[in-house]
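Novice: So the chains spell out like this:
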Amino acid sequence: DARVTQTPRDKVTEMGQEVTMRCQPILGHNTVFWYRQTMMQGLELLAYFRNRAPLDDSGMPKDRFSAEMPDATLATLKIQPSEPRDSAVYFCASGLVEGVGIPYEQYFGPGTRLTVT
Amino acid sequence: GDSVTQMEGPVTLSEEAFLTINCTYTATGYPSLFWYVQYPGEGLQLLLKATKADDKGSNKGFEATYRKETTSFHLEKGSVQVSDSAVYFCALSYTGGFKTIFGAGTRLFVKA
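From first to last, the protein sequence lines are chains B and P.
Residue numbers for the first sequence follow the numbering used here, beginning at 7 and rising by one.
Residue numbers for the second sequence follow the numbering used here, beginning at 3 and rising by one.
Fair warning: there could be bad hints in the mix.
Straight-line Cα separation of at most 30 angstroms, DSSO-like style, residue types lysine-lysine; simulated pairs [to be verified]:
1. P:Lys79 <-> P:Lys101
2. P:Lys113 <-> P:Lys70
3. B:Lys17 <-> P:Lys101
4. P:Lys113 <-> B:Lys68
5. P:Lys58 <-> P:Lys101
6. B:Lys17 <-> B:Lys84
7. P:Lys101 <-> B:Lys84
Covered by chain P, according to a simulated footprint, are these stretches of chain B (three or more residues, beta-carbon under 8 angstroms) [unchecked claim]:
8. 23–33
9. 114–120
Honestly, the hints are just simulated from the structure, not real lab data.
Predicted, not measured: the structure shown is a model, and the values here were computed from it.
Where a beta carbon is used, it is the ideal one built from N, C-alpha and C, also for glycine.
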């Protein structure tokens with residue numbers, strides 16, 4: 007049963023510290039997404055990759071957030087410096103875009119709950 | 003642009019009650035439609051899907067019909083259980099595409 011994995015599951019840090027969240031997409035999937043979920047804003051798309059190339063990161067605060075895929079098995083989301091307003095649950099999701107006629111589904115990881123004090 | 007609108011929650015029901023969560027969409031093309039469910043402390047998971055008009059998706063007693071004429075994809079279940087308490091997200095995406103548009107989510111509470 008293939009799953010998206012995320013580490014850490016919980017992270018508490020102080021304002022100003024660097025935070026790195028990691029995601030292992032399902033093997034063979036060619037798209038990866040980063041979402042942020044808060045009570046106030048709901049589910050927000052931060053960035054997405056296709057075949058490891060970033061296609062859109064317009065949802066991310068550029069001055070402090072960065073997303074990368076160093077290889078096909080690892081996606082990272084970094085926040086530097088972190089701020090209390092970054093407190094949220096961050097989800098990674100992966101999917102496989104195939105040919106015409108195949109509906110696209112996303113598979114979500116369990117999330118990283120980030121608390122910045 | 004494309005968008006998805008869901009009824010605001012929370013929805014509170016007693017066990018064995020009938021459930022409807024409304025979802026409407028606007029789309030520039032002919033998308034596939036999805037319902038995702040998020041249980042407490044977990045990520046979203048696909049509940050059901052429909053790929054074209056008049057298709058009915060179903061899973062675990064839930065069902066939704068793709069209505070092109072009313073641009074709707076309402077989620078229904080005949081008899082809810084306490085274990086159905088979760089947040090439900092309506093979504094759309096295009097075959098061959100890769101971006102999914104999610105609704106805001108509707109929280110469901112089921113009381114014993």
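Novice: Quickly compare the C-alpha distance for Lys17 of chain B and Lys84 of chain B to 30 angstroms and report which way the hint goes.
Specialist: 13 angstroms, holds
Novice: Between Lys79 of chain P and Lys101 of chain P, does the CA-CA distance stay at or below 30 angstroms?
Specialist: 28 angstroms, holds
Novice: Sort out whether Lys101 of chain P lies within 30 angstroms of Lys17 of chain B, counting only the CA atoms.
Specialist: Judged against 30 angstroms, a Cα distance of about 28 angstroms means the pair holds.
Novice: Given the hinted pair Lys101 of chain P and Lys84 of chain B, is their alpha-carbon gap at most 30 angstroms?
Specialist: 22 angstroms, holds
Novice: Holds or violated: Lys58 of chain P and Lys101 of chain P, Cα atoms, limit 30 angstroms.
Specialist: Answer holds: Lys58 of chain P to Lys101 of chain P is near 22 angstroms, not above 30 angstroms.
Novice: Within the segment 114–120 of chain B, is the number of residues with a Cβ closer than 8 angstroms to a Cβ of chain P three or more?
Specialist: Since 4 is at least three, the answer is holds.
Novice: For the segment 23–33 of chain B, do three or more residues have a beta carbon lying closer than 8 angstroms to a beta carbon of chain P?
Specialist: violated (count 0)
Novice: Decide if the proposed pair is consistent with the structure: Lys113 of chain P and Lys70 of chain P, CA atoms, cutoff 30 angstroms inclusive.
Specialist: Judged against 30 angstroms, a Cα distance of about 34 angstroms means the pair is violated.
Novice: Going straight from one Cα to the other, do Lys113 of chain P and Lys68 of chain B come out at no more than 30 angstroms?
Specialist: 44 angstroms, violated
Hint check: violations occur at hints 2, 4, 8; the rest are consistent with the structure.
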